[in-house]
Amino acid sequence: MANDQLRRIIATDCGSTTTKAILIEYVNGEYRQTVRGEAPTTVEAPLNDVTRGVLNSVQELEELATLKYGKKITLIENNKIIIPSDGDRGADAYVSTSSAGGGLQMMVTGVVAKMTGESAERAALGAGAIVMDLISSNDKRANYEKIERIRHLRPDMILMAGGVDGGTTKHVAELAELVSAADPKPRLGSSYKLPVIYAGNTDARDIMTEVLGDKVDLIITDNLRPTLDNENLGPARDRIHDLFMEHVMKQAPGYNKLMEWTLGPINGKLTQVPIKPTPAAVGDIIQTIAKQNNIEVLGVDIGGATTDVFSVFTEEHVFNRTVSANLGMSYSISNVLASTGLDNILRWVPFDIDESALRNMIKNKMIRPTTIPSKLEELVLEQAIAKEALRLALVQHRDFAVKLKGRQQKREISEAFSQSTSGDSIVNMTTLNLIVGSGGVLSHAPRRNQTAIMLIDAFLPEGVTRLGVDSIFMMPHLGVLAEINPQAATEVFDKDCMIYIGSCVAPIGKTKAKAMALHAKLELPNGEVFDEKIPFGEMRLIPCGVGEVAKATLIPGSGLDLGAGKNQTIETELHGGVVGIILDTRGRRPFVLPVEASERVPRLKKWMKALDIYPSEILS
Amino acid sequence: MAQAYSAGLTVTDNIILRKERILPLKGTVKVKVGDKVKANDLVAETLLPGKVLPLNLANKLGVQASLINDYLKIKPGDFIKKGQLLAETKGFLGFFKSSVKSPFDGEVESVSVHTGQMLLREPRIPVQIKAFIDGLVVEVIPEEGVVIENKSAYIQGIFGLAGEVTGKLKMIAKDPNEVVSADQIDDSCKDRIIVAGSMIDLKAIEKAVKVGAKAILTGGIDDQDLKKLLGYDIGVAITGHEKIGITIVVTEGFGKIKMANKTFDLLKKFEGKEASVHGKTQIRAGVMRPEIIIPLPFDEKELIAKKPEMATLEIGTTIRVIRQPNFGKIGKVVGLPEKLYKVQSETLVRVLEAKLEDGQTLIIPRANVEVIEE
Numbered sequence: 012m013a014n015d016q017l018r019r020i021i022a023t024d025c026g027s028t029t030t031k032a033i034l035i036e037y038v039n040g041e042y043r044q045t046v047r048g049e050a051p052t053t054v055e056a057p058l059n060d061v062t063r064g065v066l067n068s069v070q071e072l073e074e075l076a077t078l079k080y081g082k083k084i085t086l087i088e089n090n091k092i093i094i095p096s097d098g099d100r101g102a103d104a105y106v107s108t109s110s111a112g113g114g115l116q117m118m119v120t121g122v123v124a125k126m127t128g129e130s131a132e133r134a135a136l137g138a139g140a141i142v143m144d145l146i147s148s149n150d151k152r153a154n155y156e157k158i159e160r161i162r163h164l165r166p167d168m169i170l171m172a173g174g175v176d177g178g179t180t181k182h183v184a185e186l187a188e189l190v191s192a193a194d195p196k197p198r199l200g201s202s203y204k205l206p207v208i209y210a211g212n213t214d215a216r217d218i219m220t221e222v223l224g225d226k227v228d229l230i231i232t233d234n235l236r237p238t239l240d241n242e243n244l245g246p247a248r249d250r251i252h253d254l255f256m257e258h259v260m261k262q263a264p265g266y267n268k269l270m271e272w273t274l275g276p277i278n279g280k281l282t283q284v285p286i287k288p289t290p291a292a293v294g295d296i297i298q299t300i301a302k303q304n305n306i307e308v309l310g311v312d313i314g315g316a317t318t319d320v321f322s323v324f325t326e327e328h329v330f331n332r333t334v335s336a337n338l339g340m341s342y343s344i345s346n347v348l349a350s351t352g353l354d355n356i357l358r359w360v361p362f363d364i365d366e367s368a369l370r371n372m373i374k375n376k377m378i379r380p381t382t383i384p385s386k387l388e389e390l391v392l393e394q395a396i397a398k399e400a401l402r403l404a405l406v407q408h409r410d411f412a413v414k415l416k417g418r419q420q421k422r423e424i425s426e427a428f429s430q431s432t433s434g435d436s437i438v439n440m441t442t443l444n445l446i447v448g449s450g451g452v453l454s455h456a457p458r459r460n461q462t463a464i465m466l467i468d469a470f471l472p473e474g475v476t477r478l479g480v481d482s483i484f485m486m487p488h489l490g491v492l493a494e495i496n497p498q499a500a501t502e503v504f505d506k507d508c509m510i511y512i513g514s515c516v517a518p519i520g521k522t523k524a525k526a527m528a529l530h531a532k533l534e535l536p537n538g539e540v541f542d543e544k545i546p547f548g549e550m551r552l553i554p555c556g557v558g559e560v561a562k563a564t565l566i567p568g569s570g571l572d573l574g575a576g577k578n579q580t581i582e583t584e585l586h587g588g589v590v591g592i593i594l595d596t597r598g599r600r601p602f603v604l605p606v607e608a609s610e611r612v613p614r615l616k617k618w619m620k621a622l623d624i625y626p627s628e629i630l631s
Numbered sequence: 012m013a014q015a016y017s018a019g020l021t022v023t024d025n026i027i028l029r030k031e032r033i034l035p036l037k038g039t040v041k042v043k044v045g046d047k048v049k050a051n052d053l054v055a056e057t058l059l060p061g062k063v064l065p066l067n068l069a070n071k072l073g074v075q076a077s078l079i080n081d082y083l084k085i086k087p088g089d090f091i092k093k094g095q096l097l098a099e100t101k102g103f104l105g106f107f108k109s110s111v112k113s114p115f116d117g118e119v120e121s122v123s124v125h126t127g128q129m130l131l132r133e134p135r136i137p138v139q140i141k142a143f144i145d146g147l148v149v150e151v152i153p154e155e156g157v158v159i160e161n162k163s164a165y166i167q168g169i170f171g172l173a174g175e176v177t178g179k180l181k182m183i184a185k186d187p188n189e190v191v192s193a194d195q196i197d198d199s200c201k202d203r204i205i206v207a208g209s210m211i212d213l214k215a216i217e218k219a220v221k222v223g224a225k226a227i228l229t230g231g232i233d234d235q236d237l238k239k240l241l242g243y244d245i246g247v248a249i250t251g252h253e254k255i256g257i258t259i260v261v262t263e264g265f266g267k268i269k270m271a272n273k274t275f276d277l278l279k280k281f282e283g284k285e286a287s288v289h290g291k292t293q294i295r296a297g298v299m300r301p302e303i304i305i306p307l308p309f310d311e312k313e314l315i316a317k318k319p320e321m322a323t324l325e326i327g328t329t330i331r332v333i334r335q336p337n338f339g340k341i342g343k344v345v346g347l348p349e350k351l352y353k354v355q356s357e358t359l360v361r362v363l364e365a366k367l368e369d370g371q372t373l374i375i376p377r378a379n380v381e382v383i384e385e
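As you go down the protein sequences, you meet chains A and G in turn.
Start counting the first sequence at 12; every next residue gets the next number (our numbering).
Start counting the second sequence at 12; every next residue gets the next number (our numbering).
Extracted from the complex, chain A is given alone in its bound form:
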């Protein structure tokens, strides 16, 4: 039936700079992504209508599909996407995600920053928002400073939490009074009241209504922390999504029209499909991969302005998302330099460069964010900056993805936490099975080997870890498509979206320079055997293609650990990919690069040659 109902699907992601459209078609008994188009996003001046960018990107789909099939394919008529399809005209569904205009921007409040405040932050992040600030009763700012802050933020909505059910209402009332005094206005337009979701102590609901009822659009939902032992993020997250559609999207230029266009068959009836915040859609896909394969997954989406990190760790598939709001490759590139320092960027660069020229290059990328590195040296520099942006984003994620302190917790959705003993991070690079990269610098790197080394150098995976990349950035599209057709989303994800790069093997620990760090015996699918005792501080690349598996016996050097314990041999299967199997004996915990350029640069060149990262002209 699927092919009768959905032969052709259009999906768009309206990003802050570019609107990306993909066409998915039912071909020879399976769903495939066939063509891709893009156009500048038009939510802002001069056009102020998001649908113009959507139509331009879909028009590119139309042109490319026509070229591909040698016959006229029509997707647009009278400035509107044609739904449903009729032969070579139109599509059967159109779905979209959006992060245009800065995405969903929220402020959250909680009584205690590390408890209800953090729970509120998790609910907002899980819903795909950027959390502009967390205001709590104990955050050390004076009340007048909090009021000034709230007034100046102009979020799309506020999520207020605080207090367990039946607990004290005084602190919650105080936070409400601060919000009331600030009288915050919504970011997009002043013609409507700012939506405020209250998801705190049920006993304080009347007080909230009394203090805030007249000033804001107050929505009351279940307490997201009803007891200290329980986190209940689902209802708050659902309200955020409802309000995103009802309030925020309706205020953004052209979205009213776009919301009428997003249609798909649900239970056989053509129904409106809600527009999802882009990060929420990516988060859904990452969680699906983890659950379907029963693995731990770390996903990263590095954009121009922000870097999102998604993770699913522990046996309970605990999901976390963080947004590093000022780490990105264009708008925020200068902030990466400010955050990490020039030395940390230059440590990944295998040649000398004038510092002043590099600083000006970074600033020029900031003010002209859509440019691309044409010169090889500039590509190397951008990828060095990307490694640092990714590394810093993981540091932030690691700090956020922690166990709640000393509580037992019941949970029904994956945002909730297994609470055992402490605030330790649950991010564990040794047990991690798969890293998935996404975003321009990773998805569009000229060589996938470059994607591999960016992920490895930034995240330093330990033991055995599989690496993948979103081929052309379509995880958001598939995340929202899964809402109406999980089969199409899964098939396209497996066949066209996820590109497996290969596997990385990296012993944990440090040993002497020439001592053996890893004895790897690999039976490759072509019958060849790779057998080498690799000294410490080396990298090897063993070709092993997509869908291929090598049987491996991996013996760590003395005192080193491959995840099974010190000096423990592991027998495993290593998955290949477009790059292959990477053996990395440069050490973990600690991973150390020589400080002196005279020592470091030759090593970088040696590793880059071993992995065929860049053309030889720059490594000689």
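By construction, these hints were calculated from the structure, which means they are not laboratory data.
In this text, all values refer to a predicted model and were calculated from it rather than measured experimentally.
Treat the hints with care, since some could be wrong.
[As the list claims (entries may be wrong)] Think about it this way: if two alpha-carbon atoms lie no more than 20 Å apart in a straight line, the pair counts; the simulated EDC-like pairs of lysine to aspartate or glutamate are: (1) Lys196/A <-> Glu357/G; (2) Lys353/G <-> Glu628/A; (3) Lys616/A <-> Glu357/G; (4) Lys86/G <-> Glu221/A; (5) Lys226/A <-> Glu349/G; (6) Lys620/A <-> Glu357/G; (7) Lys317/G <-> Asp60/A; (8) Lys83/A <-> Glu349/G; (9) Lys267/G <-> Asp60/A; (10) Lys62/G <-> Asp60/A.
Given chain A, put chain G in place with the hints provided.
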């Protein structure tokens, strides 16, 4: 495809300009449709709410929050004077009273029986919006602001600092390649908008501030000079509120980059004329670029603003190269090949062929040019 959308900046000696002048909050519009205004004329004003100061009245008086109303000497909405009694306990036999007085002139925002807090608000802050450009009021948005139109020579910069200023243009650089130094800046620059060439160094900027220049227009600026000038490194390009004593507009980018001939010649043509300039820049979410506006005489019939459109790349379009190699060079599009092209970095990209001002023809990624709109 024979055309493609692209980033663009406008440099023109003649444009019908339409500017919205809107208050941050609703207020009063001071002009009406048909009024001719000068750049420094007031067009709308409002009062922003003052800062809020929370006072924990219950704590200060040592009473329960729920009983706080019993001790109040004022009520929410009252205007108050500094030192005025806000609340007082009865004490014991008229002695040992606790009292709280107002720390400033303002008004009482609210009093809470849940927390015992009183919120006081400082006096409202007047905000005035000026016309910024000489022109004609063509629309009044009630309580919010106005739309002004005029005919202008107009240049969009790529990056700027600080807010709106007006002043007469003064050329300092003799040619668009010149780096302007401090010894070229003197008292004759006072109240002027001065024009540099490919760069102006920090000492020259500081000298310009000292002599009272209103603004600097330059091709390039050095990243480290900018950092020293501001006292911090800019992480994200959202500017316009800097308090540095001068407005700066960069037309090309960071580093030493020759100002585009067309921009330089245009500024030179209007030397001595009054201009309106601001450095407000926002690259993301509501793109805003700095502007240089030189009002021209106009007939009201001429005021038909062009419908906004996205810049397009077509054969003959004037472009500026905005990334190395050849950063800053100007040329005309002579070809828009459809096939993807592998550049030195091995990236496969869509390209264009451009004939530069120096005569050479180059293949350049489309992403690495910006349209100079006329």
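Each hint, compared with the structure:
no. : hint                  : result
1   : Lys196/A <-> Glu357/G : violated (48 Å)
2   : Lys353/G <-> Glu628/A : holds (16 Å)
3   : Lys616/A <-> Glu357/G : holds (18 Å)
4   : Lys86/G <-> Glu221/A  : holds (18 Å)
5   : Lys226/A <-> Glu349/G : violated (55 Å)
6   : Lys620/A <-> Glu357/G : holds (16 Å)
7   : Lys317/G <-> Asp60/A  : holds (17 Å)
8   : Lys83/A <-> Glu349/G  : holds (19 Å)
9   : Lys267/G <-> Asp60/A  : violated (37 Å)
10  : Lys62/G <-> Asp60/A   : violated (36 Å)
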